[in-house]
Amino acid sequence: MRPSQMLFAFMVVLTCAAAAQQTANVPATGSNTDVSALEQKIRDLEDRLVMLEGQVRQLKAQKTSMPSEDTASPPTPSSTAVTPAQLTMPQEAGRTTASAGDNVRLGGAGGAAAKALNPDISVIGDFIAGAGHNPLNPTPAFQMHESEVGLQAIVDPYARADFFISFGETGVNVEEGFITFTALPSGFVAKAGKMRAAFGKVNTFHNHVMPWVDRPLVSQNLVGGEDGINDAGFSVEHIIPAPGKWFLDFTGQAFRGDSADVYTSSNKNDLSVVGHLRGYRDLTDDSNLDLGVSYSRGHNLFGGDFITNLYGVDATYRWKPLRRSIYKSFVARSEFIWRQQNQPSLLTCQSITCPVDTAAGFQRAFGFYASGDFQFARRWFVGGRVDRSDRAFNSHLNDKGGSVVLTYWPSEFAQIRGQYRFTRYADRINAHEAFIQLQFALGAHGAHPF
Amino acid sequence: MILASKSSFFALATCLCVVLVAPPSATAKTLRVITTLTDLAALTHEVGGDKVDVEALAKGYQDPHFVDPKPSFLLKLRHADLLISVGLDLEIGWLPPLITQSGNGNIQPASQGFLDASQFAEILEIPQGAVTRAEGDVHPLGNPHYWLDPDNARRIAKGIATKLADMDPADRAYFQQREQDFEKRLAEADKKWQAQMAPYRGRKIVTYHRSWPNFAKHFGLDVIGYIEPRPGIPPTPSHTIELVNLMKRENTKIELIEPYFDAKTPESIASMTGGKVVVMMPSVGGKPEITDYFKLFDYDIEILTQAFQQTR
Chain G
3 MRPSQMLFAF
13 MVVLTCAAAA
23 QQTANVPATG
33 SNTDVSALEQ
43 KIRDLEDRLV
53 MLEGQVRQLK
63 AQKTSMPSED
73 TASPPTPSST
83 AVTPAQLTMP
93 QEAGRTTASA
103 GDNVRLGGAG
113 GAAAKALNPD
123 ISVIGDFIAG
133 AGHNPLNPTP
143 AFQMHESEVG
153 LQAIVDPYAR
163 ADFFISFGET
173 GVNVEEGFIT
183 FTALPSGFVA
193 KAGKMRAAFG
203 KVNTFHNHVM
213 PWVDRPLVSQ
223 NLVGGEDGIN
233 DAGFSVEHII
243 PAPGKWFLDF
253 TGQAFRGDSA
263 DVYTSSNKND
273 LSVVGHLRGY
283 RDLTDDSNLD
293 LGVSYSRGHN
303 LFGGDFITNL
313 YGVDATYRWK
323 PLRRSIYKSF
333 VARSEFIWRQ
343 QNQPSLLTCQ
353 SITCPVDTAA
363 GFQRAFGFYA
373 SGDFQFARRW
383 FVGGRVDRSD
393 RAFNSHLNDK
403 GGSVVLTYWP
413 SEFAQIRGQY
423 RFTRYADRIN
433 AHEAFIQLQF
443 ALGAHGAHPF
Chain V
-14 MILASKSSFF
-4 ALATCLCVVL
6 VAPPSATAKT
16 LRVITTLTDL
26 AALTHEVGGD
36 KVDVEALAKG
46 YQDPHFVDPK
56 PSFLLKLRHA
66 DLLISVGLDL
76 EIGWLPPLIT
86 QSGNGNIQPA
96 SQGFLDASQF
106 AEILEIPQGA
116 VTRAEGDVHP
126 LGNPHYWLDP
136 DNARRIAKGI
146 ATKLADMDPA
156 DRAYFQQREQ
166 DFEKRLAEAD
176 KKWQAQMAPY
186 RGRKIVTYHR
196 SWPNFAKHFG
206 LDVIGYIEPR
216 PGIPPTPSHT
226 IELVNLMKRE
236 NTKIELIEPY
246 FDAKTPESIA
256 SMTGGKVVVM
266 MPSVGGKPEI
276 TDYFKLFDYD
286 IEILTQAFQQ
296 TR
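Protein chains in written order, with the numbering used here: chain G, 3 to 452; chain V, -14 to 297.
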């Protein structure tokens, strides 16, 4: 029997039973005890009905997750595969199978019901308009900077998987694609696949969660820019018991060793590693402090004998009054990054393509950013950022800059951002630029990063 | 050397096997329960008594849709035996990453230590047909604010008691007895609340967010409009004017709002309609004195009946 029929049958039985009770008891006595007994009975019946409804909801969800082929009914026009939130699908699918009646069920995948097992799908569009002049790092007037497709689901009782496929203006890139083992003994969480490395804060961020249109100069110069340290490998994370109210968490990662202009793997053993220690503490219910130290090591583009070391310190202070959490908040954040790398003492840039202005010998570069973002109304944020960074391949060259940002959220699923950016490059070139960014999200409601 | 590494490998393997195969102890114990909201914690405490150690993640005065997934929550989750959530996507913006990062296999979705309380409750406003975000931040599975109905509280308590007994069979009788006692006290309290609310049955009200359908149904109130034009979208001038006209037409005076919403628009509506803004607590712990489920309704019904009297 189908769930809806079952529910109907139960409802009929229960209503009849309740009616019978009523007609039998009420005229007979009418004393208080009988009335309360009757009330109790009706309440019990109601509870059983609600429980059955809950079971039917669960049954429906289970039923849609069973493989079945629905050959009789054409696909429902309203249930397009991607546009509605993924979460609507169990219902949609449930309706379709119910209407199919008692058709012969064939094995195998396919049919509307199979959609119930589809991953949560989301698409985030990132459109940027730029104005101003920047000879060193020019940006087009308009660009569909990125269209990021997210596919996320639970794999089996032991793991989940997350894919973020980023369609840029020129190509497609698996920004991240990894499996997370969530049920390991002793509280370990392990990941394997391609992922953004846990080096500091900005390196872990996808474009759409940053409080700016661009990435800070220090990320651009020292940590691989937009792509950052993002490589294939594995990661192990564990919470370390800590005194007081501190939360301590260590992440260790090993990668193939190919990441933008940071690491280059010229043979199989040229792996890169990343270690990150995070300390977090609630200062009050409304504010907290988040600190981190990071280390990373790998081989650079000059060959297997040339090592790049990265050191990072990050600090974030957050304030969000819980009673007004949707209206007011403040985040202050800073990262300090040091990059030290061996480079050949005599440059042979004919055989390998060196970045512009590459200097010879050991380079020690340093950079940082400091930023603040204040939410002053439910949909409005204002922020600023100060930038400074040496260049990785010639640490005598030093770029500086600053930005102011204003962000408006028409809803939780769209945002409009304006940013003015000033940069003074080491080559004594000043760049004044303005950006307007539009971001919009479709599909499954992803969690907000913290 | 090879021998040494071999034996240490075996030692490691044995340790691993012991860890993996060790059976859960069946003796009476204190279950560590974490709930997303304070109301579920209050109900768990009613049935679990001192056999459970229960704590909620969100505060009672905080918007449950927008909770930061703070790492300090992970410290609570990683040793939990049971995680009870409201479900229906209320916590979708913050709970999933916490569960993933907790490193706790017991509380992963569909594990024995994960309980979605919505399966026990009567769920209202389940959307029919296609759902799009043109309707705002809709909940495609139905309205998740279902705990604000004493009948649902009874059902949830029963469900939690069954779950606790399954996880700790030695204390089954204890949980059942406490659940029955809670049911009895709740029935008595509900009689009192119903009596207080009886004069106002059928009254029309407006609410800020769609948080009160179960409450309204239980006490026979008629919600005719919302201050939000769409769920999750802040008030707009044109919608506010429509609402003011509707309230005047229907002679509606009462606006229910949660403590975490800005009272500015509701207050200006009140001044235009001669109505009253009632800040009702949606959860246990919304005020320091609201320490359990009974006090939550005592408080809310007290201020609501007062407001009804004043706007007569």
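Honestly, the hints are just simulated from the structure, not real lab data. For clarity, every value in this text was computed on a predicted model and none was experimentally measured. Take the hints with a grain of salt, since some may be wrong.
[Said to hold, decoys possible] With a cut-off of at most 16 Å between alpha-carbon atoms, the simulated EDC-like pairs for lysine to aspartate or glutamate come out as follows:
(1) K196/G to D164/G
(2) K143/V to D164/G
(3) K330/G to D283/V
(4) K330/G to D53/V
(5) K261/V to D277/V
Hints, one by one, checked against the model:
no.	hint	verdict
1	K196/G to D164/G	10 Å, holds
2	K143/V to D164/G	36 Å, violated
3	K330/G to D283/V	31 Å, violated
4	K330/G to D53/V	13 Å, holds
5	K261/V to D277/V	27 Å, violated
Hints 2, 3, 5 from the earlier list are contradicted by this structure; the remaining hints agree with it.
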